[in-house]
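**Student:** Protein chains in written order, with full-length UniProt numbering: chain E, 1 to 296; chain V, 1 to 296.
Treat the hints with care, as some may be off.
The list makes no distinction among identical chains, and a pair is therefore deemed to hold if it is satisfied within one copy or across any two copies.
Pairs of lysine to aspartate or glutamate, EDC-like flavour, derived with a Cα cap of 20 Å [said to hold, decoys possible]:
#1 Lys81 to Asp125
#2 Lys81 to Glu54
#3 Lys81 to Asp51
#4 Lys81 to Glu295
#5 Lys81 to Asp16
#6 Lys81 to Glu248
#7 Lys81 to Asp15
#8 Lys81 to Glu280
#9 Lys81 to Glu293
Source of the hints: derived by calculation from the structure; they are not laboratory data.
Number of protein chains: 2
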Amino acid sequence: MFTGLSAFPLTPLRDDAVDHEALAAIVRRLVAAGVDSITVLGSTGSYAYLDRAERQAAIATAVEHADGVPVFAGVGALRTKHVLEHAADAQDAGAQALLVAPVSYQPLTADDVLGLFTDVVEHTDLPVIVYDNPGTTRFAFDDALYARLADLPGIASIKIPGIADAAAAHERLRELRELLPDRITIGISGDAHAARGLAAGCDAWYSVIAGTIAPPMVALTRAALAGDHDAAAAASARLQPLWDLFAEHGSLRVTAAIAEHLGMATRSCLPRPILGLDDEQRRRVHAVVAELELEA
Amino acid sequence: MFTGLSAFPLTPLRDDAVDHEALAAIVRRLVAAGVDSITVLGSTGSYAYLDRAERQAAIATAVEHADGVPVFAGVGALRTKHVLEHAADAQDAGAQALLVAPVSYQPLTADDVLGLFTDVVEHTDLPVIVYDNPGTTRFAFDDALYARLADLPGIASIKIPGIADAAAAHERLRELRELLPDRITIGISGDAHAARGLAAGCDAWYSVIAGTIAPPMVALTRAALAGDHDAAAAASARLQPLWDLFAEHGSLRVTAAIAEHLGMATRSCLPRPILGLDDEQRRRVHAVVAELELEA
């Protein structure tokens, strides 16, 4: 279940409340495009900004419209108590796995994070995806902690940060395969690094952009998993203007601007204080959407 | 009101719920020691981990036991909607000012942060303290943003990060006095930097340790504000073993270990996943408490 393309949709807001109609329509588009799974309430799904009831309702909407495609749910929170509440809610709402980010305010130690994942697996029947992204969580995993986490039952996959160099990616995947049991899949994140990560042997792509614009990302993933890494690399290279926008403004603001431009969300769909891109920035996003024919 | 020593108490937990009896006793100790104000729900007060009801109840407890000493309340949250809810709750609970931290998950722009503070001052009658601490919020203010914030009515004080060098501190305060109107006070944070900040002309010390161990910090502040900066510097130098522990483990975990050691909170008073210091680390904290006679 933790292989192929997992699409991370936005959770669009409208008048500062979750826009369930928009979320449902996005989920139906992802299903139609043939993604392998849908991860709601990732960083792209603004999990950190939503309260408990909003989160459970968003998961329920996604499950209702996913037509059997597995739905994974982000349940991260600063406090373990809240993570466990979200995990129970996600299971009740029909999620098939949990994405757990060790999000921090006070810096966390490795023992804190091991304790968090231990508490989660003891309180849920669902498989757990470990979210490793120091850029958002401000926690840096090391291999000793990976090894300790791999001993916990229920850890099913690790979402690793992007790796900027092909040789480094191959070396890193070799190390991880030695470190981790076969039952734990490895998924690449950082959309610009996806083709390289899949070529290096990742099992999955945990993708921001595929949560909004899925078809080219499905094609890229299918090519890579069929072994045609030249085609996947070419597909990724073609999207370089999009990756450049992600690098400049962050993937969330750019993806939200695309969704708003294409009518998939209303203007200002991100939670305040995040204002989204300004008009000049949006014009550049719209030009890239047209150039890459992302509206298709 | 935004001058002198503002003490930031812990919000001790017991069995994963706010220990109001412990909080009340801490507040009464601060009042007895003669602090100028009490800021509940700062970073030291674990605001980021507490839900809305817990926050309002903690403020109410502090106000009830503060015997007229002004109580300020941290109201930070990732989403503006929640900040405004906390601000209204704090006012209802009797807080006399709001501490607003531009805490972030997705990186914020200067326009986002200006929008946040604009929304806050439009929705509250209470004066606002700007919390500038990139180490916890991951947002770095610049002087252009300070100047724009200073134009907002209701901004009463800025809590600035510590400055490691005396000459740099004097130069920075000179710059800030030019930039900011007289009605906005400047408070130093980073306890190890307090004497230097007050010598450089800060009006206030926003203090972590004074929220748990107040008397020596009151004495240091009184000396500095009376112009006896040599005495303040000597008082700070005497506390160097404590500052070294803060640098090594962070001020929160050390302060919690001190409070637990002195019976002001029960063991594991921090919100999980934060486990607090281990036994060996605690032995070193206890030795410093004895050496510096902090239990007095």
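**Student:** Checking Lys81 and Asp16: alpha-carbon separation at most 20 Å within a copy, between copies, both or neither?
**Tutor:** between (25 Å within a copy, 8 Å between copies)
**Student:** Are the CA atoms of Lys81 and Glu293 at most 20 Å apart within a copy, between copies, both, or neither?
**Tutor:** neither (45 Å within a copy, 36 Å between copies)
**Student:** Is it within, between, both or neither when you check Lys81 against Glu248 at 20 Å Cα-Cα?
**Tutor:** This pair counts as neither: shortest intra-copy Cα distance 36 Å, inter-copy 27 Å.
**Student:** Checking Lys81 and Asp51: alpha-carbon separation at most 20 Å within a copy, between copies, both or neither?
**Tutor:** Result: close both inside a copy and across copies, 14 Å intra and 11 Å inter.
**Student:** With identical chains treated as interchangeable, where does the CA-CA distance between Lys81 and Glu54 reach 20 Å or less: within a copy, between copies, both, or neither?
**Tutor:** both (17 Å within a copy, 13 Å between copies)
**Student:** As a check of your reading, is Lys81 near Asp125 (CA-CA no more than 20 Å) within one copy, between copies, both or neither?
**Tutor:** within (17 Å within a copy, 33 Å between copies)
**Student:** For Lys81 vs Glu295, is the C-alpha pair at or below 20 Å within one copy, between two copies, both, or neither?
**Tutor:** Cα proximity of Lys81 and Glu295: none, with 42 Å in one copy and 32 Å across.
**Student:** Regarding Lys81 and Glu280, is the shortest C-alpha distance of 20 Å or less found within a copy, between copies, in both, or in neither?
**Tutor:** neither (42 Å within a copy, 27 Å between copies)
**Student:** Indicate which option fits the pair Lys81, Asp15 if close means a Cα-Cα distance not exceeding 20 Å: within, between, both or neither.
**Tutor:** between (29 Å within a copy, 11 Å between copies)
The structure does not agree with the numbered hints 4, 6, 8 and 9 stated previously, though it agrees with the rest.
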